[in-house]
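Starting from the structure of chain Y, add chain P where the hints point.
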Amino acid sequence: MVERVQPGDAVHPGKPVTVNRYGAGARLNHWITATSLILLALSGLALFTPSLYFLTALFGGGQNTRAFHPWIGVVLFLSFFIFFFQLWKANLPEKVDIVWLSRIRDVIGGREERLPELGKYNAGQKFIFWAMTGLILLLIVSGVAIWEAYFAAYVSIPMRRVAVLAHSVAAVLIICVFILHVYAAFWTRGTLRAMTRGTVTGGWAWRHHRKWLRDLAGQRKTGPAE
Amino acid sequence: MSDSPRTAVSNPPTQPMASNFGERDLVRRSATEDLPPPERQLTPVAKLIDVSKCIGCKACQSACVEWNDTTPAIGENTGVYENPHDLTENMFTLMRFTEWVNPETDNLEWLIRKDGCMHCADPGCLKACPAPGAIVQYTNGIVDFIHENCIGCGYCIKGCPFNIPRISKADHRSYKCTLCSDRVAVGQGPACAKACPTQAIVFGTKEDMKQHAAGRIADLKSRGFANAGLYDPPGVGGTHVMYVLHHADKPQIYANLPENPRISPLVQSWKGVTKYVGLAAMGMMAVGSIVHGVFARPNRVSREDEENAEKLVEGKPVPPPGEHA
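So the sequences go chain by chain: Y and P.
Counting in the numbering used here, the first sequence runs from 1 upward without gaps.
Counting in the numbering used here, the second sequence runs from 1 upward without gaps.
In isolation and in its complexed conformation, chain Y is listed as follows (with noise of 0.2 Å):
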């Protein structure tokens, strides 16, 4: 079952009415996961393709660029999966994400308004949410047999190839994933704030996630200690 409000979420009158979307501790994991995947694509990339090299400048050379991308990828790995227990539970899928999905023109074209109410998350951020899990984990799973620092001894050559090629395949897929997500969060004017203050305005709301507004209201009417 999707969790429909997620502890912390809460709304509070005003003009304009605020709607706190995440806790310090979500924005924070958030920012360390957004900060470790640049650095690890700026680094990855640099030695994807030789005309991407230059880019291990920015680490200090290749041979630093090489040691540090895999300590990274442990961060963000780390970070990323304390981030997804906090919220898979409300990223789950239902019926309402394949009407959503149904209607794509609208959401590109945003025409708000012929899409059906959503809650926390439209399938389109689920999408993000749960590609992103997969490809973290693939990536971290391919990123340490070819860790060659550590793990060389205990992969066999013909393994490390494979994930070699995994690797490159689910970075490329991940860098997609990170595009449509930033693009997403800066096209949907707005957004970013809930990443930053951790809060929203009730129009926001109101207009992307309006079932979880109401929820929310409705906690508000009914709870007994606010």
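FYI, nobody ran anything at the bench for these hints, they're computed from the structure.
Some clues are possibly wrong.
Quick list of simulated restraints, FRET-style, between CB atoms [as the list claims (entries may be wrong)]: (1) P:D182 - Y:V75: 39 to 49 Å; (2) P:S168 - Y:V99: 34 to 44 Å; (3) Y:E113 - P:K316: 14 to 24 Å.
Using N, Cα and C, we set each Cβ at its ideal position, and we do this for glycine too.
Frame of chain Y; chain P shown alone:
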């Protein structure tokens, strides 16, 4: 003096010499697409290892250690002849010993193969290497690691069909046989060939070595080794280290010498289609976002949305749940 040495047995001249080949003779350079074509073609060289003449003395290993000034750690006896037990960053060549019972004659044959870099014409290490100029190939066929450019990623290990490169735990750089490129550059053959007491290892131009091998193979065939032959595998474009094998139909019996070595298709697709399709996919994703950002109106929250939220929170009537607002 000719451009490439013809033998390893000659003694070096006593006067100093300038290096006979260098950066202008590169035919391939790792992670470098715009390498200028070489100004000249050096005569291709090759080392020929005749396993039927090898007595397993390890003089080649000693000569290699001495010339390259490496100091392999003192090993432990684990009951096999290999010493050390594998190639290492300090041991570029290794005699591998196999006790093989020939099923046709029921004879025990002691097979000794000097393992080390094969100097492939199509080097998998160089193909896999992400660091510009860390692996180079000269027009004479020598594949060399330029250690100051090496980043220690281990991609060369994945590229190599012969399991040759080794990464140093001390300096995180990859090492292997250089075919004594520094000796060849001053008209000398490799140290191992120079030291070999039976001339099981010989060195010269690739053509000369093939001819020499043909003579050796004819001799072996006349003495009952009907399947004697040259190991110069075409799957990697031929090699600049070749073997004369008395059982060339079964190279695997010589400590798993691959029968048809080639760069793994996984490595080929990683370095080929994955790279191009991947860059295109990421590029399209970025361009698509920019185009949408420029041409589509931003998805903004309206005044009405805010008012509805305020009414909802204050308990005033708002549009009911439904498909449309």
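Okay, the hints, checked on the actual structure:
1. P:D182 - Y:V75: 39 to 49 Å: 43 Å, holds
2. P:S168 - Y:V99: 34 to 44 Å: Distance hint for S168 of chain P, V99 of chain Y is violated at roughly 59 Å.
3. Y:E113 - P:K316: 14 to 24 Å: 21 Å, holds
Of the hints listed earlier, the one the structure fails to meet is number 2.
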